[in-house]
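**Q** Could you put the whole structure together from the sequences, leaning on the hints where they help?
Terminal number for the sequence shown in the working numbering: 510, no gaps in between.
Keep in mind that the hints were calculated from the coordinates and are not lab data.
The calculated DMTMM-like cross-link candidates involving lysine to aspartate or glutamate, where the alpha carbons are at most 20 Å apart (straight line), are:
no.	residue 1	residue 2
1	Lys270	Asp173
2	Lys270	Asp308
3	Lys270	Glu409
What follows is a set of in silico ranges between Cβ atoms, one per label pair, in the way DEER data are often shown:
no.	residue 1	residue 2	range
4	Ala172	Pro405	21 to 27 Å
5	Gly97	Asp210	55 to 61 Å
6	Pro194	Ser87	26 to 32 Å
7	Asp236	Ser87	23 to 29 Å
8	Arg213	Glu32	55 to 61 Å
9	Asn492	Pro44	20 to 26 Å
10	Asn18	Ala172	48 to 54 Å
11	Thr29	Thr295	47 to 53 Å
12	Gly383	Pro44	43 to 49 Å
13	Ser87	Pro419	48 to 54 Å
14	Gly383	Ala417	39 to 45 Å
15	Glu32	Ser87	31 to 37 Å
16	Pro44	Asp207	51 to 57 Å
Just so you know, even glycine gets a beta-carbon here, dropped at the ideal spot from N, CA and C.
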Amino acid sequence: MNLTEKTLAAAWRENLANLRDDPGRIDFTGTEGAFNQLAVTTAPAVPPTVLLETILGGPVPAHLAAELASAETGHEIAAARATARRSHLAGLAARAGAPSLAHLLARCGRGADQAARLLETLATDGHQLHPCARTRLGWNADDIARYDLETPRPIRVRLLADPAGLLARSGADFRDHPMLAGLDLPDPVVPVHPWQLEHRIRPAHRDLFDTGRLVELDQTIPAWPTAAIRTVCGRDRPGHLKLALGIHITSTRRDISPATARLAPVLTEKITALVADDPAHAIAADQSGAWLPGTRDLTAIARAGLTDAAPPGTVVVPASALCAPSPVTGRSLAAEYADWAAGAETWIRDYAALVVPPVLRLASRHGIGLEAHLQNTLIAFDGPWPVRLITRDLGGVRLYRPALPFTLEVPETSPVAAPSRGAVRDKVAYTLFQNQLAALADVLARDCGLDRSAFWADLADLVADLDLRAADRDAYLGDRMATKALLTMRLNPGSEVETWVDNPLGAGRR
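**A** Below is the structure:
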């Protein structure tokens with residue numbers, strides 16, 4: 001969908017200005033699917049701001065107009081690069097005699113982190129439910145070309161030495177991370193994004209450099225940006241670095257709080273221990289954190305490579321790539337896997353049986369709500385079969401502290417601290433069902449003829465049979481479900497807004 005269509009779909013799903021109750025205001029056609037998600041067929045040939053003005057009956061706030069304009073620019077640059085990238089992958093498949101991208105991946109010798117990042121570039125539109133998925137406020141077109149996901153050249157992550165011990169730390173020493181291997185680093189260091197160093201860190205902390213308390217090093221780390229943009233993977237070495245980046249992406253500025261950096265390695269250790277007995281679930285481990293106390297703009301987290309979390313011989317695929325069109329067949333990568341397996345119905349049933357139980361169990365038994373959307377979910381494939389769920393980036397997790405089976409210091413004001421079990425449940429229901437599984441069901445219905453109603457009915461039976469708290473099971477299988485109102489929140493920045501959508505899991509049970 002183009003940006004006007006994505007804006008219309010978001011307004012419909014959120015019932016913005018009662019659009020679903022009075023759709024005649026907009027001349028469009030489309031089909032409503034699960035959770036009131038709208039697949040737009042035709043929409044007015046106007047900019048998204050003009051569409052919004054019609055829906056709202058008034059002007060669009062200047063900040064949102066700027067975000068949408070930035071999203072347009074970001075998408076145009078990404079789309080222009082997509083053709084060459086798709087042609088390259090199609091050529092590789094042809095030379096290898098691979099009938100699909102899925103088959104090509106099974107033969108791929110590239111490192112797991114680099115292959116997963118390359119697959120992420122297939123999802124050119126970004127977050128499928130967010131009109132501002134490609135917003136990069138703070139970057140100009142040159143910055144987008146240089147640092148965004150589709151850049152054809154790796155960026156050079158900078159290193160700051162900390163000879164005075166100015167920075168606080170959590171977990172392992174960054175110098176022990178594989179991406180920094182082989183560098184002569186006598187003092188502790190913190191990696192920083194090159195744009196952040198130039199535009200945020202140097203201007204704000206000049207005195208620290210002038211007095212030698214922080215030192216810019218000549219050594220750099222070549223790395224590729226991932227779909228998270230501020231998270232990069234090594235060009236040649238395994239692992240990831242999550243770096244503070246003071247630009248506005250989707251809904252918020254992407255600095256990293258000191259609390260997040262402090263918590264990341266500890267939380268990884270705790271949750272990894274909880275899932276240790278489940279061979280079908282692993283956590284991509286956050287190993288190190290560092291931060292300058294009192295600020296969010298000089299913070300970093302180091303994460304282990306994906307090979308550490310994947311069974312030997314498997315291929316790790318970001319779930320976002322499964323919904324993207326394959327450059328080999330033109331159908332979704334999920335459809336290629338389904339065709340290679342025993343058909344869409346069997347394949348997605350196995351997929352859901354892999355990802356749903358561990359996420360719901362953590363939420364219901366332990367008060368841990370994973371942010372299980374497409375971007376944070378990776379799947380290890382053995383041939384066409386999904387065999388392990390890999391969860392990454394615990395920064396968006398929700399923890400209901402009275403239910404935690406371990407002791408963990410979480411500030412009362414932290415967004416990680418869920419005020420209730422319901423908040424944990426809402427996080428899981430939105431990210432897992434509405435974001436991830438709805439997207440997969442839609443592309444398989446389009447490409448393979450999947451019966452979506454039958455899928456949601458099967459999934460409802462799966463949820464009903466899980467050992468969950470009754471209140472959780474009833475909420476997941478209710479007639480309606482809370483959804484994150486992404487567009488409404490951009491109209492009212494700083495607010496957390498939810499609205500209600502029709503729940504196909506409830507319909508399936510009836």
